[in-house]
Amino acid sequence: MSASNQHTTIPPGSGALFFIQTFATLGFAVLYSTLVLYATQRLGFSETQANAMMGVFGAFNYGLHLFGGYLGGRYLSNRNLFVLGMVLQVIGCYVIAETGADGLYWGLAMFLTGSGLNVTCLNMMLTQRFTPDDHRRESAFLWNYAGMNLGFFIGFSVAGYFQLAADYHSLFLFATLGNVIAIVATFACWPILADISTPLRHIKGRGFYLRMLAGLLILAMLVPVLRLLLTHADFSSHFVLLLGLLVLVLLGVMTARHQDGAERSRMLAYLILALGSLVFWSLYQLAPMGLMLFSEHNINLNLFGLQIAPQWIQNINTLVIVIGGPLMALLFKRLRERGWNIDIPSQFAASLFCMGLGMLVLPLGIHLAGADGLVAFKWIAISYVLQSLGELLISPIGYAMIGKLAPASLQGVLMGC
Numbered sequence: 001m002s003a004s005n006q007h008t009t010i011p012p013g014s015g016a017l018f019f020i021q022t023f024a025t026l027g028f029a030v031l032y033s034t035l036v037l038y039a040t041q042r043l044g045f046s047e048t049q050a051n052a053m054m055g056v057f058g059a060f061n062y063g064l065h066l067f068g069g070y071l072g073g074r075y076l077s078n079r080n081l082f083v084l085g086m087v088l089q090v091i092g093c094y095v096i097a098e099t100g101a102d103g104l105y106w107g108l109a110m111f112l113t114g115s116g117l118n119v120t121c122l123n124m125m126l127t128q129r130f131t132p133d134d135h136r137r138e139s140a141f142l143w144n145y146a147g148m149n150l151g152f153f154i155g156f157s158v159a160g161y162f163q164l165a166a167d168y169h170s171l172f173l174f175a176t177l178g179n180v181i182a183i184v185a186t187f188a189c190w191p192i193l194a195d196i197s198t199p200l201r202h203i204k205g206r207g208f209y210l211r212m213l214a215g216l217l218i219l220a221m222l223v224p225v226l227r228l229l230l231t232h233a234d235f236s237s238h239f240v241l242l243l244g245l246l247v248l249v250l251l252g253v254m255t256a257r258h259q260d261g262a263e264r265s266r267m268l269a270y271l272i273l274a275l276g277s278l279v280f281w282s283l284y285q286l287a288p289m290g291l292m293l294f295s296e297h298n299i300n301l302n303l304f305g306l307q308i309a310p311q312w313i314q315n316i317n318t319l320v321i322v323i324g325g326p327l328m329a330l331l332f333k334r335l336r337e338r339g340w341n342i343d344i345p346s347q348f349a350a351s352l353f354c355m356g357l358g359m360l361v362l363p364l365g366i367h368l369a370g371a372d373g374l375v376a377f378k379w380i381a382i383s384y385v386l387q388s389l390g391e392l393l394i395s396p397i398g399y400a401m402i403g404k405l406a407p408a409s410l411q412g413v414l415m416g417c
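Residues in the sequence shown are numbered consecutively from 1, following this note's numbering.
Derived by calculation from the structure, the hints in this document are not laboratory data.
Here are the simulated distance ranges between beta carbons:
1. His232 <-> Leu327: 43 to 53 Å
2. Trp340 <-> Pro12: 24 to 34 Å
3. Leu303 <-> Asp234: 35 to 45 Å
4. Arg338 <-> Leu43: 48 to 58 Å
5. Phe235 <-> His367: 37 to 47 Å
6. Asn341 <-> Leu374: 39 to 49 Å
7. Asn341 <-> Ile366: 34 to 44 Å
In silico lysine to any residue, SDA-like type, Cα no more than 25 Å apart, as pairs:
8. Lys378 <-> Ile154
9. Lys204 <-> Ile218
10. Lys204 <-> Ala194
11. Lys333 <-> Pro11
12. Lys378 <-> Leu357
Just so it is clear, the structure is predicted and the values come from calculations on it, not from any experiment. Even for Gly, the Cβ is constructed at its ideal location relative to N, Cα and C.
Construct all of the structure, not just a fragment, from the sequences and the given hints.
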């Protein structure tokens, strides 16, 4: 096949990963949008307790991305680790649905182990389909990100429906459905999702099976450890901050020790952009906690005579991503064909600007609140649109950036940062 043909066709596995990503997101979308409301309305948690639990859940979900990047391709293949993570999510949702408060932390620990590790596996399976200089990588990640947000849209919509009916049992059982479909789809596409360039590919015989056994043991140990950390939110918060600082120092040392000057410069660029990304995602995580409760108590949720569930508001985000992802991929392609230089630092800066502006419109809405003290729906809608535009500019582009800047041996780990 000629070089031109290679850059106009979709690599095998890319389309399958779009489909798998969509359904793999359903369960996480349900818990992400409902956990705080479920804890306060059904389990009797205070808002402070529910926010603390959600904060720890979100922090470890992102922290495990890094760990998943290390495990995947070193101890278990990315497709194996993905399927095992999906199975843990199914079991976790079932435990939450059937045991209520008694099994909440065990269910969350199992679900969190799966969801935290899986994101990096999917991204690594996708990035291996492209060479570092392949410009289709950015478009592929934008499309994949749109698929993920399509899953969020379905999950948020169904979560809002069941939450209005206070039927959390059925909701958590529904959350398992998407994960089961993702598992079946992965097995159906198994041959085209194989790892192409990971350290595990070079290990044969007994060493391969020993690594696999070690990976399975690590997965089994993660569940009780996470269960313990979820029940001690104050300690976990400090632990996450310390862990984040250690990772930053470690990445700095790894960058300084690179012998190749070009690689060192690319790693330094990655670190600077990663810090910008950290600021963005810290603000973004207000959505399932503070903004969810703000929407429930302070926003006029009666829109044109229809009662809006708080989870449905987050569908503003998913609609912008699902529609905007492919459009942005097309726009960037057209602009580059006309000679425009759309670099990654500019996109990161624009994303931070959009996020900041999205937060600034909320105090304005509060200032203009009605006599009943409720903020007009349009202000939270504007905030979510701006946050979503920022997300489009930083998240899929950030994943594509790693394939471009990071050395092949570190792509799995850095994909999780």
